[in-house]
Amino acid sequence: MLFLQFTILTFVTVTATAVVLTRDPAKQAIGISFYGLVMALMFFIFQAPDVALSQIVIGAVALPLMILLALTKIRRHEEEQRERKEKKSA
Amino acid sequence: MSFFPYAVAAWLFIIGLYGIVTSRNFVHLVICLAVLQSSTYVLLLSIGYRVGGTAPVFAAVPVGTLAVDPVVQALMLTDIVVEATVVALLLALALQLHKHANTLDPDKLKALEG
Amino acid sequence: MSTLAPLPVVIPLSVAAILSALNKFVGRRLSEALAILTTIATGVICGELLLQARVQPVMHWFGGWTPRAGVALGISFVIDPIAAGAAVFTSLLVLAALIFSLHYFDTVGTLFHVLMLGFLGAMCGFALTGDLFNLFVFFELMSASAFALCGYKVEEPESMQGALNFGITNTVGAFLVLSGIGLLYGRTGALNMAQIGRTLGGNLDGLVITAFIFIMAGFFIKAAVFPFHFWLADAHAVAPTPVCVLFSGIMVELGIYAVLRVYWVIFDGPFAAHRWDVRALLLAVGSITAVVGAVMCFGQRHIKRLLAFSTVSHVGLLTIGFGVLKEGALAGVALYVLGHGLVKAALFLVAGLLLHRFSSVDELELHGRACRMQATGVVFFVAALGLASMPGFATFLGESGIIDGAKGIGQGWVRAVFVIAGVLTAGAVLRVWGRVFRGMGKAEDAETAGAKKIDEGRETNAASHGIPAVMFAPAAALVLLAVAIGLMPGVKRAVRTAAIVMQDRTGYQARVLEHAWIPVTPAEEEHTPIGKGLAWSFGTTAAALVLAFLSLSPYWPSKHVLARPVAKTVHLLRAIHSGHVGDYVAFLTFGVAAFGVVLAVLIHLR
Amino acid sequence: MNRRGRMILFLLSAAVFGGVYLWGLKGLPPVGHYRGPYGDVLNQVATYERHVTDIVTAVNFDYRGFDTLGEEFILFMSVVGGTVLLRRQREEEKSEHKDQALSDESPERQAPEPSDATRVLTLGLVGPLVVFGLYMVAHGQLTPGGGFQGGVILATAPLLVYLGGDLKKFKQITSHTLVEVAEAAGAGGYLAIGFAGLILGGAYLRNVAALGRTGVINSGGTIALINLATGLEVAAGFVLLLYAFLEQTLEIRLRGGK
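Protein chains in written order, with numbering that gives the first Met the number 0: chain A, 0 to 89; chain B, 0 to 113; chain C, 0 to 605; chain D, 0 to 257.
No lab work stands behind these hints: they were computed from the structure.
Incorrect hints may appear among the rest.
Unchecked claim - Quick list of in silico lysine-lysine cross-link-like pairs, DSS-like style, CA-CA up to 30 Å:
#1 A/Lys-86 / B/Lys-98
#2 B/Lys-109 / C/Lys-441
#3 B/Lys-107 / A/Lys-86
#4 B/Lys-107 / A/Lys-87
#5 B/Lys-109 / C/Lys-567
#6 C/Lys-406 / C/Lys-531
#7 C/Lys-23 / B/Lys-98
#8 A/Lys-84 / B/Lys-98
#9 B/Lys-109 / A/Lys-26
#10 B/Lys-98 / A/Lys-26
#11 B/Lys-107 / A/Lys-84
#12 A/Lys-26 / B/Lys-107
#13 A/Lys-84 / B/Lys-109
#14 C/Lys-567 / B/Lys-107
#15 B/Lys-98 / A/Lys-87
#16 C/Lys-441 / C/Lys-531
#17 A/Lys-84 / A/Lys-26
#18 B/Lys-98 / B/Lys-109
#19 A/Lys-86 / B/Lys-109
#20 A/Lys-87 / B/Lys-109
Claimed, not checked - Listed next, the stretches of chain C that the computed footprint assigns to chain B, with coverage defined by at least 3 CB atoms under 8 Å from CB atoms of chain B:
#21 171-177
#22 375-389
C-beta: ideal position from N, C-alpha, C; glycine also.
Next comes chain A alone, as it looks inside the complex (with noise of 0.2 Å):
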């Protein structure tokens, strides 16, 4: 049980510094999915589990497709606004 507390615990720290060190935001949108999940296993092994769930839908699910919807808007906007240039420029 405390290897598995120890291990976790690691794994939460190096994925979190990975998720804040990662630039670009699509990529951390997978990144923070899967904080979510570590963190969730975290709750389940602190013997949490009301928490955990929460986590899972929340932490894994919602919050990433909240900012994955926003990255797709934002994406296009841009897109969308070097056309425009383009078209000007022609």
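Here the structure of chain A is known, so what remains is to put chains B, C and D in place on it, guided by the hints.
The following block gives chains B, C and D in isolation, referenced to the frame of chain A:
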């Protein structure tokens, strides 16, 4: 193991702050804020933990069994909702910012200087 | 147990839920009427609670979970006069903002009122609760509504950036608070403030100091104390005017209120032997905040931003009042919050009027354009005098309470900070008055002169000639009220008694945990000679007027050799207000670290 | 400040900040040796007093039910806030109208067609998901999970329909007004249960309903009711929140790949 989880909590707070300070994209920044928030999860979780304790659910085990603290878990549930809502609001703001300023880089926004 | 106590929170929230359900079916007028009626009802209930609380603090245990053997199982509202007063004042300002917005946004929808009511309920809950985690919950509820209200004008990128800066810094603050709560819970196993205070007793160690710093810093972010204040100017510059009224008038002050409450219920025991260390920290931080805010205020031309920096400066003065750690000064803080909130709200409303009429809040652009709005000009002028704490205003009572308290502990020098803040902030506002309402000074080319201006989008219909009474009346009423409170006999004494109740830690604990009540001895009538304070305050007001006129005259030495070092300092100060959220969070981290080092070193030295 | 100055200021401060935080953490009891009274008392008494087996649910919806009420309204206000912030502006609506001319069947208007396999798979998942969500909402006071967790699961069901490519169905399911009313009803229901406690028991949120037998689905008195209200509010709230974001991308999608 008696201090390690606390140190993890402190590290998550600081790495989250680092991400916010150095961020060049508001979406990235919001995600870093979520990481920062996870610091409070780890803190609360490790405060309420008990060696050998079960989850505070007495469906399969009788009342009186050593269990971990249920209060911090209730607090964490609230905390998780806060995370989701704050992230949603900030993302919405970032989205609108991008629509009208065409950038998400705090370095490139100069309108609020001085 | 009072059955009225939960109503100030649950009534606004209920109406918010109903309005949101009927969003598509309710017309604008009906939704406005409902919102205003709800706010009035909330205010009346809070007023009744205030009356009851003057006898003894009003209690309510949610779910009926009264404490067992000193262990609180549920959440309590503990309503002492200061808490109830804060809730009454909140309702009043929300009412003013709602009335003002009757003629405001053309896109105003039901959802705006839903957000306003949510904000109202959150602020009331924040003021009334006796549970530390519940305080955090209402802090977040306040934030959730405030972020959206701040970014209401979605078509402006500045709005979005300002709201983002606000949202990010305040969220970091919330997590600081939560971490502090976690530390305290790990130590005491309690979330009820009275119980935490009792369990901690007088033991001071690293955990208590850190928890104090985290919680204080978190609430200071909301209160916009240096170096946590950066978000405030951005948020105010971009938020719709009725929202600014609430941000500056009460939300920021509630940050100070929370620190006060937490200090007197929880931390005064552990820090009892180290009050001087806490004082040193708070007086220093307060003074820096007051001066920085005042200097920045004078350098602005965007009127809403100018008023926002004035708020920063006055929050610094409130921090000084808190830092005195005496009941007289605490009463002073309460009165100052009232006086300042009223005149500042009025000033913002006038700024909103200008925006409504001329689609601009740029001081230079508006040069001489409001000469015909005479009544509005008078309100603006009188409110500016209130900002300088002229005798007759509630701010004066507050100021003298704080300064007398400071003198009582041998720190009379804080008078100088009050004078600087008063002269510069009131001077800046009077300068705006002279230029906009009197056409004084030469007309500068708005495009080329000075700093870059922020474009302010319209908040109203284009065809807006004349000033609707509903927009003017709240501003005038608020200024009159500031004077009325200032001249009301016995108000100082009553507030002083309330301050004694707030500081009475053992009484509070007994009331909450044992349902007992030890009455405090009410404050005695004061016989302090008031002449000197009067002279100082009139002097400050006069100096502000002189400064304003001077700055509008051709003799203003803006390019003079001697002015250069000043200009350089100001330039540096402006440079750190960069609008960059990374900077803000870096300063925030610095602030927490500095608080920690200062307090730890001071405590170790003794 | 430039990038470098900011970095230096932050790194120095963060080092001290970390020191202060660790100094505070050092004062906590070692991990696993929590000694506070609050949780222990509740672990002992909650099952007897409230006839529930999941103590966390009892804390959330009864002992500290007022916190959860605040929490629900944080969500509520964020949904309203998100709707306000992501509302369409006039110019956007205008361009939208222009695009309405494109017929629904126009290929540009459709999302990239998912393969039949994906469609079957995702749509097939909806049923079990809804059942699972409902189960979780209903058993909140007995086993881990509850209104909140179940609510979010329910909220993802309409999203699956969308992923399955059934745009029209998706729009039907998420009839905006209906979901809005549902959300407000959930939040209002919570408040109403609180009022019932105030009127019948003298304390807001007092548990005034029959407690039932421990271990069955309707045990816990108002806990079970609040659980349902929360489930409704959270499910509807997250649908609205996700929809607000989805609409932003849809709007471009509807205009096709220009």
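Hint by hint, here is what the structure shows:
1. Distance check on the hinted pair: A/Lys-86 and B/Lys-98 sit about 19 Å apart at the alpha-carbon level, within 30 Å; holds.
2. As the CA atoms of B/Lys-109 and C/Lys-441 are separated by approximately 29 Å, the hinted pair is consistent with the 30 Å bound.
3. For a cut-off of 30 Å, the pair hint linking B/Lys-107 to A/Lys-86 stands: about 25 Å separates their Cα positions.
4. Between B/Lys-107 and A/Lys-87 the CA atoms are separated by roughly 24 Å; this keeps the pair inside 30 Å, and the hint holds.
5. For the hint linking B/Lys-109 to C/Lys-567, the alpha-carbon distance of about 21 Å falls within 30 Å, and the restraint holds.
6. Between the alpha carbons of C/Lys-406 and C/Lys-531 the distance comes to roughly 13 Å, so the proposed pair stays at or under 30 Å and holds.
7. Between C/Lys-23 and B/Lys-98 the alpha-carbon distance is near 27 Å, which keeps this suggested pair within the 30 Å criterion.
8. Distance hint between A/Lys-84 and B/Lys-98 is fulfilled; the C-alpha atoms sit about 15 Å from each other, no more than 30 Å.
9. Simply put, B/Lys-109 and A/Lys-26 have alpha-carbon atoms about 28 Å apart, close enough for the 30 Å limit, and the pair holds.
10. Only pairs whose Cα atoms come within 30 Å are accepted, and B/Lys-98 paired with A/Lys-26 is accepted, the gap being roughly 22 Å.
11. Taking the CA atoms of B/Lys-107 and A/Lys-84, the gap is about 20 Å. The hint holds against a cut of 30 Å.
12. For a cut-off of 30 Å, the pair hint linking A/Lys-26 to B/Lys-107 stands: about 22 Å separates their Cα positions.
13. Restraint check for A/Lys-84 and B/Lys-109: satisfied, since their Cα atoms lie roughly 23 Å apart, inside the 30 Å limit.
14. As the CA atoms of C/Lys-567 and B/Lys-107 are separated by approximately 25 Å, the hinted pair is consistent with the 30 Å bound.
15. Pair hint B/Lys-98 plus A/Lys-87 holds up; C-alpha atoms about 19 Å apart against a cutoff of 30 Å.
16. Pair hint C/Lys-441 plus C/Lys-531 does not hold up; C-alpha atoms about 38 Å apart against a cutoff of 30 Å.
17. Our distance criterion of 30 Å between C-alpha atoms is met by A/Lys-84 and A/Lys-26, whose separation comes to about 27 Å.
18. A threshold of 30 Å between alpha carbons decides the hint, and for B/Lys-98 with B/Lys-109 the separation of about 16 Å falls inside it, so the pair holds.
19. Restraint check for A/Lys-86 and B/Lys-109: satisfied, since their Cα atoms lie roughly 28 Å apart, inside the 30 Å limit.
20. Distance check on the hinted pair: A/Lys-87 and B/Lys-109 sit about 26 Å apart at the alpha-carbon level, within 30 Å; holds.
21. Interface restraint, the stretch 171-177 of chain C with chain B: holds (4 residues with C-beta to C-beta distance below 8 Å; minimum three).
22. Residues of the stretch 375-389 of chain C with a Cβ under 8 Å from some Cβ of chain B number 0, which does not satisfy the need for three, so the listed coverage is violated.
The structure is inconsistent with the numbered hints 16, 22, although it conforms to all the rest.
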